[in-house]
Amino acid sequence: MKEYKTITQIAGPLIFVEKTDVIGYGDLVKIKLSNGTEKNGQVLDTSEDMVVVQIFEGTSNIGKGARVKFLGESIKLPVSKDMLGRILSGSGKPIDKGPEIIPEKRLGIEGAAINPYSRDSPEDFIQTGISTIDSMNTLVRGQKLPIFSGSGLPHNEIALQIARQAKTLNKKEDFVVIFAAMGITNEEAQYFMEDFRKTGALSRSLVFLNLADDPAVERLITPRMALTAAEYLAFEHGMHVLVILTDMTNYCESLREIGAAREEIPGRRGYPGYMYTDLAGIYERAGMIKGKKGSVTQIPILTMLGDDITHPIPDLTGYITEGQIVLNRELHRKGIYPPIDVLPSLSRLMNLGIGEKRTRKDHKQVSDQLYASYAEGRDLRGLVAIVGEEALSKRDSVLLNFAEIYENQFVRQSDSEDRSILTTLDLAWELLGTIPLNELTRISPDLKKEFAKSDDSSENDTNVRPKFTKPLEGSIDETDKDD
Amino acid sequence: MSQEANQGHIYRISGPVIIAKGIEANMYDLVRVGIEGLMGEVIEIEGDKTTIQVYEDTSGIKPREPVVNTGQPLSVELGPGLLTSIYDGVQRPLPALKEAMGDYILRGAESPGLDQDKLWTFKATAKPGDMISQGDKIGEVEESPGIIHTIMAPRDCNGKIEKINSGTYNVNDTIGEVDDGTILKLKQYWPVRLPRPVSKKLQPDIPLITGQRILDGLFPLAKGGTAAIPGPFGAGKTVTQQTLAKWCDAEIIVYIGCGERGNEMTEVLSEFPQLTDPKTQKPLMNRTVLIANTSNMPVAAREASVYTGVTIAEYYRDMGYNVALMADSTSRWAEAMREISSRMEEMPGEEGYPAYLSTRLAQFYERAGRVIPKGTKKEGSVTIIGAVSPPGGDFSEPVTQNTLRVTKTFWALDAKLAQRRHFPSINWLTSYSLYTRSLREWFTKNVSEDYVNLISEIMKLLQEEEKLLEIVQLVGTDALPDDQQLTLEVTRGIREFYLQQNAFHDVDTFCELQKSAMLMRIILKYRDLSKDALKKGVRVYKLIGLKSKNKIADVKFEKDYVKLLSTIEKDMSSEIERLVGDLK
Numbered sequence: 045m046k047e048y049k050t051i052t053q054i055a056g057p058l059i060f061v062e063k064t065d066v067i068g069y070g071d072l073v074k075i076k077l078s079n080g081t082e083k084n085g086q087v088l089d090t091s092e093d094m095v096v097v098q099i100f101e102g103t104s105n106i107g108k109g110a111r112v113k114f115l116g117e118s119i120k121l122p123v124s125k126d127m128l129g130r131i132l133s134g135s136g137k138p139i140d141k142g143p144e145i146i147p148e149k150r151l152g153i154e155g156a157a158i159n160p161y162s163r164d165s166p167e168d169f170i171q172t173g174i175s176t177i178d179s180m181n182t183l184v185r186g187q188k189l190p191i192f193s194g195s196g197l198p199h200n201e202i203a204l205q206i207a208r209q210a211k212t213l214n215k216k217e218d219f220v221v222i223f224a225a226m227g228i229t230n231e232e233a234q235y236f237m238e239d240f241r242k243t244g245a246l247s248r249s250l251v252f253l254n255l256a257d258d259p260a261v262e263r264l265i266t267p268r269m270a271l272t273a274a275e276y277l278a279f280e281h282g283m284h285v286l287v288i289l290t291d292m293t294n295y296c297e298s299l300r301e302i303g304a305a306r307e308e309i310p311g312r313r314g315y316p317g318y319m320y321t322d323l324a325g326i327y328e329r330a331g332m333i334k335g336k337k338g339s340v341t342q343i344p345i346l347t348m349l350g351d352d353i354t355h356p357i358p359d360l361t362g363y364i365t366e367g368q369i370v371l372n373r374e375l376h377r378k379g380i381y382p383p384i385d386v387l388p389s390l391s392r393l394m395n396l397g398i399g400e401k402r403t404r405k406d407h408k409q410v411s412d413q414l415y416a417s418y419a420e421g422r423d424l425r426g427l428v429a430i431v432g433e434e435a436l437s438k439r440d441s442v443l444l445n446f447a448e449i450y451e452n453q454f455v456r457q458s459d460s461e462d463r464s465i466l467t468t469l470d471l472a473w474e475l476l477g478t479i480p481l482n483e484l485t486r487i488s489p490d491l492k493k494e495f496a497k498s499d500d501s502s503e504n505d506t507n508v509r510p511k512f513t514k515p516l517e518g519s520i521d522e523t524d525k526d527d
Numbered sequence: 024m025s026q027e028a029n030q031g032h033i034y035r036i037s038g039p040v041i042i043a044k045g046i047e048a049n050m051y052d053l054v055r056v057g058i059e060g061l062m063g064e065v066i067e068i069e070g071d072k073t074t075i076q077v078y079e080d081t082s083g084i085k086p087r088e089p090v091v092n093t094g095q096p097l098s099v100e101l102g103p104g105l106l107t108s109i110y111d112g113v114q115r116p117l118p119a120l121k122e123a124m125g126d127y128i129l130r131g132a133e134s135p136g137l138d139q140d141k142l143w144t145f146k147a148t149a150k151p152g153d154m155i156s157q158g159d160k161i162g163e164v165e166e167s168p169g170i171i172h173t174i175m176a177p178r179d180c181n182g183k184i185e186k187i188n189s190g191t192y193n194v195n196d197t198i199g200e201v202d203d204g205t206i207l208k209l210k211q212y213w214p215v216r217l218p219r220p221v222s223k224k225l226q227p228d229i230p231l232i233t234g235q236r237i238l239d240g241l242f243p244l245a246k247g248g249t250a251a252i253p254g255p256f257g258a259g260k261t262v263t264q265q266t267l268a269k270w271c272d273a274e275i276i277v278y279i280g281c282g283e284r285g286n287e288m289t290e291v292l293s294e295f296p297q298l299t300d301p302k303t304q305k306p307l308m309n310r311t312v313l314i315a316n317t318s319n320m321p322v323a324a325r326e327a328s329v330y331t332g333v334t335i336a337e338y339y340r341d342m343g344y345n346v347a348l349m350a351d352s353t354s355r356w357a358e359a360m361r362e363i364s365s366r367m368e369e370m371p372g373e374e375g376y377p378a379y380l381s382t383r384l385a386q387f388y389e390r391a392g393r394v395i396p397k398g399t400k401k402e403g404s405v406t407i408i409g410a411v412s413p414p415g416g417d418f419s420e421p422v423t424q425n426t427l428r429v430t431k432t433f434w435a436l437d438a439k440l441a442q443r444r445h446f447p448s449i450n451w452l453t454s455y456s457l458y459t460r461s462l463r464e465w466f467t468k469n470v471s472e473d474y475v476n477l478i479s480e481i482m483k484l485l486q487e488e489e490k491l492l493e494i495v496q497l498v499g500t501d502a503l504p505d506d507q508q509l510t511l512e513v514t515r516g517i518r519e520f521y522l523q524q525n526a527f528h529d530v531d532t533f534c535e536l537q538k539s540a541m542l543m544r545i546i547l548k549y550r551d552l553s554k555d556a557l558k559k560g561v562r563v564y565k566l567i568g569l570k571s572k573n574k575i576a577d578v579k580f581e582k583d584y585v586k587l588l589s590t591i592e593k594d595m596s597s598e599i600e601r602l603v604g605d606l607k
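Protein chains in written order, with this note's numbering: chain A, 45 to 527; chain B, 24 to 607.
Just so you know, not all the hints are guaranteed correct.
[Said to hold, decoys possible] Derived DSS-like pairs: lysine-lysine, alpha-carbon spacing no greater than 30 angstroms straight-line:
no., chain 1, residue 1, chain 2, residue 2
1, B, Lys468, B, Lys439
2, A, Lys141, A, Lys49
3, B, Lys85, A, Lys108
4, B, Lys208, A, Lys438
5, B, Lys538, A, Lys337
6, A, Lys113, B, Lys431
7, B, Lys582, B, Lys558
8, B, Lys397, B, Lys439
9, A, Lys405, B, Lys121
10, B, Lys305, A, Lys334
11, A, Lys438, A, Lys337
12, B, Lys574, B, Lys431
13, B, Lys565, A, Lys76
14, B, Lys401, A, Lys405
15, B, Lys582, B, Lys538
16, A, Lys149, B, Lys305
17, A, Lys438, B, Lys538
18, A, Lys405, B, Lys208
19, B, Lys208, B, Lys439
[To be verified] If you want the ones that stay clear, here's a sample from chain B, every Cβ over 10 angstroms from chain A, calculated:
no., residue
20, Gly38
21, Asn49
22, Asn286
23, Lys559
[Stated by the list, open to error] Simulated coverage check for chain A against chain B, where a stretch passes if three residues somewhere in it have a Cβ under 8 angstroms from a Cβ of chain B:
no., region
24, 134-148
25, 198-211
26, 255-263
27, 339-348
28, 359-368
29, 441-455
30, 459-473
Derived by calculation from the structure, the hints in this document are not laboratory data. Beta carbons are placed, not taken as given, at the ideal position from N, Cα and C, and that holds for glycine.
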């Protein structure tokens, strides 16, 4: 294979090579430095006159004298069932001092779009054991549901709790967890690894680590590697794979860096105009395929810069993913864990995974009612700040009280508390019991009759007394009964 | 043009955009790129360089590979068999792609849009000796039960029929000949970027009935009209579009999933075939064409998907059908334009979108309309309902703004309403319809004399509520005078009993206009009765707590609503009478 010494320009992570043979778009590149070290890159733009290569490890130490070799194929990841339990670098090399992975296959990491006609409809309810998610933003197998967080919020704890507790109800099938870290700090990485080891989860996990001080360009391939492995385990070995990608904000920053180095015309806030398509190429690699057993479920985590949900990264993500779980700083300050703000949160596939045969028939309406009552109760807090609580009507003070107990008893749970969906729904009915029955307009009369806890207060609704329920002590674990 | 001039080679590759040298091409010619013959379209010509957008992934393609110009513009294959089909953005059937390439969409597959082998029974209506030109009816085929597919003279055809025979044919068989040399077949081609001509455009004065109370009542859309649904993510845009596709009274539905989520597209693909048409009790799919181009499928095909869809819609319009076209979402389409424009290193306009964004949007929406097609007297229509996804929910961004300039109905989805599970989450204060006036006559004649008045009464109350709520924010509800407290209770009723509609409830998912009118009447009746009682001295909280009034909540879920409504009305009158009686 020919080597070239015709680098004409080096800018940021890019090098420009002239006078080459014809080079394929997207091909892999090896660069040998004068000091003997080797770097890897990929062709970003190719023409008869000039080839643009992005260097994964950064361009430091590269000079015009470096030798460039084009490998004639795109990036491949060696995959194998034995990858489970391993820790790899952001570019797929083992860093756990274990042996090399003996590949069963070498797969291109770009991935292809699943034919929409081949996709299977995701509908298996995943119980995460977190009330706000299970009841109001239900996760289903094959979904991509990101966590929108802010700096300083406990998104890592929540991700870990989901990874630990996630299960489907009827079938006792565990998840294989693929964890891809992009630009997270060493400390965060330690925290994750520690938790994986402590809970024994590492044996059914595969970890890709690109740390904050690893090259930024490598971040662009880390999620693609993770998803290639996920697709392989899911669709070739029939496993159910949960992919956690953290932190997508770092990924997008890298994308912007490359765009700037290529002197592209930037889109909103300097991010490249193709960021939507690029992110879609990652997020859309979740799903199920007809006739295949496995599934790929994605939980990408991203920090909203300045807690701004309209920032391009959460915004574009929200348009691709099937909903979002939004963390709220105010709840966090109140000491409520997990600080999930249900109002801006959403699971678009929720209706596929809940209902009579999947969870319980009152699930949807209970969820709608919780949303409606909590939203109204929270609005009232603003009013109370101005007029004081005495000025509220009876109906309003009931709702105000509901918002309070909802946050403290329903949202709040400990990071080891694994609530079953039935426990969660029963808890919801108990809290809704503080509201007069005829105010529960989102619930149909027959369901009220069957599930409502309170006596028939609709007949004497004028003398409503707010009923405070006692806080729940510890966890009520019904999940074990499912075995 | 010589053969050599039609063949050139690749000079440069940058993602989905390649530059070729050495071909003679016209703008928007279809070209085959590389050894694998990937499909592409000419989008710029400069000196000896031709810029081509490629509809497939370009990894591994090298400079100097061949480029062949077909000399034809990107076209769709039109003919029987379109209905029930599921296509990608360039009219390749997805099931055929699956067969050819497996579960993933790889590149290089070619597949005609229509089933080439299926036999159709053709009944000629024209006879030898008839003079025909483009668009004239020459015969018909029953495409799916109840849907007659008119076979029309193809593009550029103009002459006397020499031969034409009824019989059983596939789409490629010759069914007749014309003296200008045209061979008549069941299929024909039409360039996607060229609107099909019409003889006359008509006024939009017939409503497109959707069965959604807030749409049919407050913000109606006319057949042949245009509507925009902008909404931030999570505001229920997709659900609204799908509900419309299911329930609106168009005969043919074209649904374009443009840059949409794969799983949602699957939901559409798996749900549509199971839906029954509420009017004919036959599968809804029988009158539907689906175009699915998910967000991770090639970006150039996404750009084309909208044109593919609207051309198919126009084709059915020309047969005299009412066609509803849903494009979800046009923002993804605009982004595809932006992405390609940026790869071409064009000077960007606002927010990086190309300067021709508004022209393209206007051209697209102009293809809607109620028309008398060329060649027949039977009017048809294309109604375009375009979803817009404004980044960050900011309606001032270029795609939303340019869309609003050309569409006449605006259904503003509101994330706040969605968060409190108020569905359909259409904001009644910011939405509007410019068709209200032109449709007035139809509603008066076909629903009831008072329908238009009921609507304006309801709108007035909602406007008033907005003002009152501002005051409530400051002083609380109790500080309001009694009649205003009552107004707030009435508008709460409007919101919960009338505006809110449950798309997942068997009965509530579709609401006929009569039921909608009766619901409005009973809510206003409650207001009138209560107002009277208030004057007579009944305390307002008693009226707010009226038990019979709360029963109105059940009406929308009730099949036999007439009976229920009359009971409620009776109960309400007697309950209020009792309250007045108690005063004495």
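Regarding the assertion that B:Lys559 does not contact chain A, is the least Cβ-Cβ distance greater than 10 angstroms? holds (20 angstroms)
Would the pair B:Lys538 and A:Lys337 pass a check requiring their Cα atoms to be no farther apart than 30 angstroms? violated (47 angstroms)
Straight-line Cα separation of B:Lys468 and B:Lys439 no greater than 30 angstroms? violated (37 angstroms)
Coverage assertion for the region 339-348 of chain A with respect to chain B, Cβ distance below 8 angstroms, three residues required: violated (count 0)
With a cut-off of 30 angstroms on the C-alpha distance, tell me whether B:Lys208 and B:Lys439 pass. The given pair, whose Cα atoms are some 54 angstroms apart, is violated under the 30 angstroms limit.
Please confirm whether B:Asn286 is truly not at the interface, meaning its C-beta sits more than 10 angstroms away from all C-beta atoms of chain A. Violated: least Cβ distance 6 angstroms, not greater than 10 angstroms.
Would the least Cβ to Cβ distance between B:Gly38 and chain A come out above 10 angstroms? violated (7 angstroms)
Distance restraint between A:Lys141 and A:Lys49, which requires alpha-carbon spacing of 30 angstroms or less: violated (35 angstroms)
Check whether the Cα positions of B:Lys85 and A:Lys108 lie no farther apart than 30 angstroms. The given pair, whose Cα atoms are some 25 angstroms apart, holds under the 30 angstroms limit.
Is B:Lys305 within 30 angstroms of A:Lys334, Cα to Cα? holds (26 angstroms)
Examine the region 255-263 of chain A: at least three residues should have C-beta closer than 8 angstroms to a C-beta of chain B. violated (count 0)
Restraint status (C-alpha distance of B:Lys582 to B:Lys558 at most 30 angstroms): violated (36 angstroms)
The structure fails hints 1, 2, 4, 5, 6, 7, 8, 9, 11, 12, 13, 14, 16, 17, 18, 19, 20, 22, 24, 25, 26, 27, 29 and 30 (numbered hints given earlier, in ascending order).
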